[in-house]
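Visitor: Which chain is which? The protein sequence lines are S and C, in order. Residues 1 to 265 (the numbering used here) are what the first sequence spells out, left to right. Residues 1 to 331 (the numbering used here) are what the second sequence spells out, left to right.
Accuracy of the hints is not assured; some may be wrong.
Output of the computed footprint for chain C on chain S, the stretches with three or more beta carbons under 8 Å from beta carbons of chain C [stated by the list, open to error]:
#, stretch
1, 13–22
2, 91–99
3, 187–199
4, 219–230
Taking lysine to aspartate or glutamate pairs in the EDC-like style, the calculated list, with each CA pair at most 20 Å apart, reads [what the hints assert, rightly or not]:
#, chain 1, residue 1, chain 2, residue 2
5, S, Lys-205, C, Glu-208
6, S, Lys-263, C, Glu-208
7, S, Lys-235, S, Glu-225
8, S, Lys-205, C, Asp-60
9, C, Lys-330, C, Asp-170
10, C, Lys-305, C, Glu-198
11, S, Lys-205, C, Glu-33
12, S, Lys-205, C, Asp-196
13, S, Lys-263, C, Glu-195
14, S, Lys-263, C, Glu-33
15, C, Lys-21, C, Glu-33
16, C, Lys-305, C, Glu-233
17, S, Lys-263, C, Asp-60
18, S, Lys-109, S, Glu-184
19, C, Lys-128, C, Glu-112
20, S, Lys-263, C, Asp-25
21, S, Lys-263, C, Glu-104
22, S, Lys-175, C, Asp-170
23, S, Lys-205, C, Glu-309
24, S, Lys-235, S, Glu-152
25, S, Lys-226, C, Asp-60
Derived Cβ-Cβ restraints for the label pairs, each shown as a range [unchecked claim]:
#, chain 1, residue 1, chain 2, residue 2, range
26, S, Leu-253, C, Gly-79, 10 to 20 Å
27, C, Val-199, S, Gln-138, 34 to 44 Å
28, S, Gln-138, C, Ala-178, 31 to 41 Å
29, S, Leu-253, C, Gln-109, 32 to 42 Å
30, S, Thr-147, C, Arg-34, 53 to 63 Å
31, S, Glu-184, C, Met-259, 31 to 41 Å
32, S, Thr-147, C, Gln-59, 20 to 30 Å
Simulated from the structure, these hints should not be mistaken for lab results. Virtual Cβ for every residue (Gly too), placed ideally from N, Cα, C.
Below are the chains, spelled out letter by letter.
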Amino acid sequence: MRKLSRLRRRKITAPVLLFLALIIVGNAYAFIGATVTTPGATASNARSTMVDEGRQIFLRGCASCHGLNADGGGIAPALIGVGAASVDFQVGTGRMPLADMSQQAMRKKPLYNEEETAALAAYVATLAPGPAIPGAAQLTFERDGNTAEGGELFRTNCAMCHNAAGQGGALTQGKYAPTLMGVEAKYIYEAMITGPQSMPVFGDKAITPQEKLSMIKWIKSVEAEKGLGGASLGKVGPVTEGLVGWVGGIGLLIAIAVWLTTKSR
Amino acid sequence: MSNKELEPLSDPGLPAHAHRKADHDEAAAKRAERKVAILFMLSALGTVLFIYSYIWIAQDIYVYVPIIGTSNAHQLFLGLGLTFSLFFIGVGAVHWAKTLMPDEEVIAQRHEMRSSDEDRADLIASVKENAGAAGLGRRSLIKRTLGLSLGLVGLSPILLLRDLGPQPGDDLTKTTWAEGVHLVTDPGNRRLRPEDLEVGAVAHILPEIENPAERSLNDVAKDAVLLIRMRPEDFRLDAEKLSWTYQGIIAFSKICSHMGCAVALYEQQTKHLLCPCHQSTFDVPTGAKVIFGPSARPLPQLAIKVSEEGYLVAAAPFNQPVGPSFWERKK
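One chain only, chain S, in its complex shape (with noise of 0.2 Å):
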């Protein structure tokens, strides 16, 4: 007794205490929220239930910029008919939201997983209609691509930007063209159907999605490929390539040219 009244009189109980307390509320009502769902709930149910949730995380994380409505504010456009194939490429590769306010926004660790990109996807798709999320039955690039014809397609409509080797280039003002190195083949193929940032859209009929395998093939071809000398450079071409050659040997040359003069003692 003595002993727990010592242990009351500590200047840590109180917090710890308190701690504890909101635990075991927070998991109860984790607990009686969850046995609230009936088990019954059919799938347009669960189905809603996604679009609530994504509505929920939009408003909580995405209004303040797009808009209670998605209709879009002064920073950011409107969401409306951008479909989940846009929401699942921006908040999948973490580039939104926005960490900043800077040229163009870059691939980083998504904030939300992949439950909570689902529902916002969702949630944004019956807004109005625009270009659903790829399945894996659509991506079967491995059977139905043709590398040949990917490079063919990839060099007309691509390499200008993204570089003929896929690594990616600069555009104006700061803005850029990332790299395809390393890039989900869902993603890919989310980019051209639904035209991020500063790239344009390529719709189905201009390149058809067997096409679109091909090129995704040809990527995943030029990915796996292993350089036979080491040092790629970026593999962008003369420009660094040039840079190493005359710094590096001429440099060298210099060197051996200042030791066959200089006299032996």
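Add chain C to chain S, keeping to what the hints say.
Guide: Here is chain C on its own, set in the frame of chain S:
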């Protein structure tokens, strides 16, 4: 101050020749000899490494090398072996020369380059004598045919100047585009309907021809067109150029009016077209006006319309030559 004090410094002459350590110290000479031998041995080892890599290192092994990254072991050791074998022969030879080979300074006087008068007279006399003996003056057949062949040799390079021509004629001003020619995708050669392009979409376009497999690269370099769809209310064009668009679809020559690179970096948000070669930037809503860079004039716009079957076709040929400037170009 008298002139005496301003006399230039006297010529200090050459510095005394300092001999190397190996010249008078036997131990140092031995050390230098060993060093040279080691360098030559390194070269020999390089050759052995080259032969070993060629025969025994499999071609599909990749190793990680700091700085350089992952590279192919077969190629890497072939290169290193050859580098060692050549580089250390040179280094060894130079080190040998610098430390052990004779180090005496010799003064060699410079003489006049002109031959003496007697030698010159001798030469002229002997040329005259031998030319007479060869019978150049007498055997005129040889002299004439030699003249003919030498003269004809000179003709060949003159004939090659023909390759500067012929004049291009209307090649620079005409493209395959004409009224009613279908716009087809590049590659793929599929006709397009206006509804195939979403707002914000682009398509790379060539004119439809009977046999796409035989399309010449020269034609592609003139005919290539970029098709862009935007909201019609975003256009700021005069009435004529607006009539060349179709419901927000506008077509421009892809060939830069500066140096002829393919202008196709389209930024959907700013609606700018950027040329990757010299950063000429064209503003699409105002008819590809130049807003930055060295290009002197907008990209030529192709007038388009929809055919009776609902496909996009050209309404007229380009109204000006596509691509960079040339002497005869008007404007």
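Visitor: If you test the structure against every hint from before, which numbers come out violated?
Guide: 1, 2, 6, 8, 11, 13, 17, 19, 22, 27
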